[in-house]
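Trainee: So you can see what is in the structure, the chains are spelled out below.
Number of protein chains: 2
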Amino acid sequence: MSSAPGTAQDLPHVVVVGGGFGGLGFTRRLARAPVRITLVDRRNHHLFQPLLYQVAAAGLSPGEIAEPIRSIVAGQDNVQVRLDEALSVDLPGRTLHMRDGSLRYDHLLLAAGATHTWFGHDEWAPHAPGLKTLDDALEMRQQILLAYERAEWADDPEERRRLLTFVVVGGGPTGVELAGALSEIARHTLSRDFRRIDTAMTRVVLVEAGPTVLGAYPERLRAHALRQLAEIGVEVVTGRPVVGVDAEGVLLGGEGGTERIAARTVLWGAGVAGAPLGASLGVPLDRAGRVLVEPDLSLPGHPEVQVIGDLACFAHDTADGRPLPGVAQVAMQMAVLAADNLRARLDGRPTATFRYRDLGSMATIGRSRAIALIGRVQMHGTLAWMMWLTVHLVQLIGFRNRLAVLVQWAWSYLTWERSSRLIRGEATPPGLQDRGGPELHEHLPR
Amino acid sequence: MSSAPGTAQDLPHVVVVGGGFGGLGFTRRLARAPVRITLVDRRNHHLFQPLLYQVAAAGLSPGEIAEPIRSIVAGQDNVQVRLDEALSVDLPGRTLHMRDGSLRYDHLLLAAGATHTWFGHDEWAPHAPGLKTLDDALEMRQQILLAYERAEWADDPEERRRLLTFVVVGGGPTGVELAGALSEIARHTLSRDFRRIDTAMTRVVLVEAGPTVLGAYPERLRAHALRQLAEIGVEVVTGRPVVGVDAEGVLLGGEGGTERIAARTVLWGAGVAGAPLGASLGVPLDRAGRVLVEPDLSLPGHPEVQVIGDLACFAHDTADGRPLPGVAQVAMQMAVLAADNLRARLDGRPTATFRYRDLGSMATIGRSRAIALIGRVQMHGTLAWMMWLTVHLVQLIGFRNRLAVLVQWAWSYLTWERSSRLIRGEATPPGLQDRGGPELHEHLPR
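Residue numbers (this note's numbering), protein chains in the order written: chain A, 1 to 446; chain B, 447 to 892.
These are calculated hints, taken from the structure and not from any lab test.
Even for Gly, the Cβ is constructed at its ideal location relative to N, Cα and C.
Just so you know, nobody snuck in bad clues.
One side only, chain A facing chain B, incomplete, derived with CB under 10 Å: (1) Leu60; (2) Pro62; (3) Gly63; (4) Ser71; (5) Ala74; (6) Gly75; (7) Val79; (8) Gln80; (9) Leu83; (10) Asp84; (11) Gly101; (12) Arg150; (13) Trp153; (14) Arg195; (15) Arg196.
Computed footprint of chain A on chain B, listed as stretches where at least three residues anywhere in the stretch have a Cβ under 8 Å from a Cβ of chain A: (16) 513-521; (17) 628-642.
Derived DMTMM-like pairs: lysine to aspartate or glutamate, alpha-carbon spacing no greater than 25 Å straight-line: (18) A/Lys132 to A/Glu248; (19) A/Lys132 to A/Asp286; (20) B/Lys578 to B/Glu531; (21) B/Lys578 to B/Asp692; (22) A/Lys132 to B/Asp581; (23) B/Lys578 to A/Asp135.
Isolated chain A (complex conformation):
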């Protein structure tokens, strides 16, 4: 109760939308600033997105990569947390409208992040779940584990093959990580669990429309990535866009004409788009629905509004003129500058323009397999993986989580044992549902 309502009513009211890396980083940077902050998120927890695929792959439990926002800012007296969903912004009226109320602001930070998109084919969504939230991850886990349960008792060999075929769409880091994890679960974790099927028969196909996976990396590292994917048994198909997804599998387009891959489980690691909130601003967006921000991260014509993270399209002075990628690193750096620019405005000083310092990037492929690019240094294999592991553990918010995850991973590494192979709710008979889709929903837990 450190700052009871009223005590600080005279201070400028800063409303922050989003408790991700951007919103939290911004909020914490203002810990000692003379402002009242209200942090709005529709979820009560901060999510460590980079490890979300581990929850989907039953390697980690939700609690290990998520932390209640309230406890993260508990020590910061100038923050109030509000669990609600931001719907639209009234720029002239300086008001944020939420599902359950609205907030007047003197300054607004939009860090609402991104959502996934099925390239205008929303009918694909139920058959190809994406990976943005804990819900998504648990839905994926559900579908993956149920596929094996059904395969174990499927009498028709065709159906068994469909159940044991997993298609991952999208050759970016998410897709690669998912495909790698799936393949390892099948060959190691689950191998002793089943009697009637040989889980090593599992087929994991990674589909990428572009000419290559992990396109953001230099050619040599991509080659290493491909080799490592092959080593753990992931089939990689490039240059073939997905032109159809249904309960039976995916349809691939491209030169070679169309081709169908029969699969009961299709996971979506492809398109992302800025959160819908961006569109409510009535300002120019890029093709991915991200807000085109000024060099100082403010909204054109509205210095009192800043947009950062995945929701922002920042293409000023980037090496290749392409917008910055939607990664935690960018969001965290933007958060710092946005906070400093806010203080500048409060002090009547000029704002600074954003410069991105690329601290390097890594993609993990599997157990002691990864690639890393730090400046000019290229790494792959165990070394890159150890590095990936270290960086992510260190970044994980909340000491307890970090320790728990470390124990978790040490254990999994030694035993191939996955802790979190829980299918929540009750089994729904394959006959009555399409692949653990909607019908499963009602059965499943909070």
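Position chain B relative to chain A; hints supplied.
Mentor: Below, chain B without anything else, positioned relative to chain A:
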């Protein structure tokens, strides 16, 4: 793939319904028996029921008290696991009918456990969730945490009071544990998280229709329990049956006429009844819907069928002639005898009758508060609590879980920090829902 189908078709087929303490204990006891076992459960995990309240109270995460059944029996070659829901038994046809198929059996073990009952008032269910499954626990957690989120922003003091009032129905171990945990979360864990409300104002009311809580314990221990409950701020109301539950709270009956407790969160720790499967047998059941078994745990007239655990009503030679309680200890002891009796039948030997050895019982009330009764020895306070902790950790199936839970608890004990304060899914606006009830469902994850 240690025992491929076919290799053992000639062995008698033993079908086990339920992967709880009873079903698993029975199955493992038959590890070296010349039988083919099919273990059927509608969930893919074994649940450590005694700690379920900790998941509801955000103290533990689901993965810490649940273990995939497949991995528990992975090493046992004569077992196949089937994820499906048992619906009915055709005794003459020796067939178990499930949602997605049926199984012929030579021998059937029913250990389907219990479900909760609202004493014929199923309309209370949505307003007073019970605690039997992980789903239940996560639903409870959801409601508890959302109540605080809403209270934080509730402007009407009346509504705020309703949101900060928690009623726990049922003075048995479950109710006592829940009430104790709720009270401690409010006074310690959450105290620093909120700005506008003082969580210490939380009111936790434990309601028991009978004359006393923890009725199974001797008078002196009950007194200690009451004192310890009072110490941590739980209000205990005895001798007052619940006569109504709705979105506004509970209505109490009893001598003093009716009285209403206005509360947005009502948790049900009261009635349990045998699983519906029991009724499908067409044999005599007790008032709680449990199957009246023979002294050797077989079904009257059907030696090839045995019923154990919470689904069984065993009143033969019990001290007070009352049926044995539905606790893990009873189920585990029954499992051993049932397995031995099965082997006896296979060898043409006579079956033995069940004798329950009470190894003692304990109820925890809160941090270093508990009561324990071992034989004639009565314990309370820290000693009893340490004992409770030890016994439960040792019993937890799966080394990893045990270690994780221990770390977890050590951490919570030192810091009052709760790891699992996650509200899954999106916030649903208080206006649009009744207390995180049904409407929340769709939002919530797998």
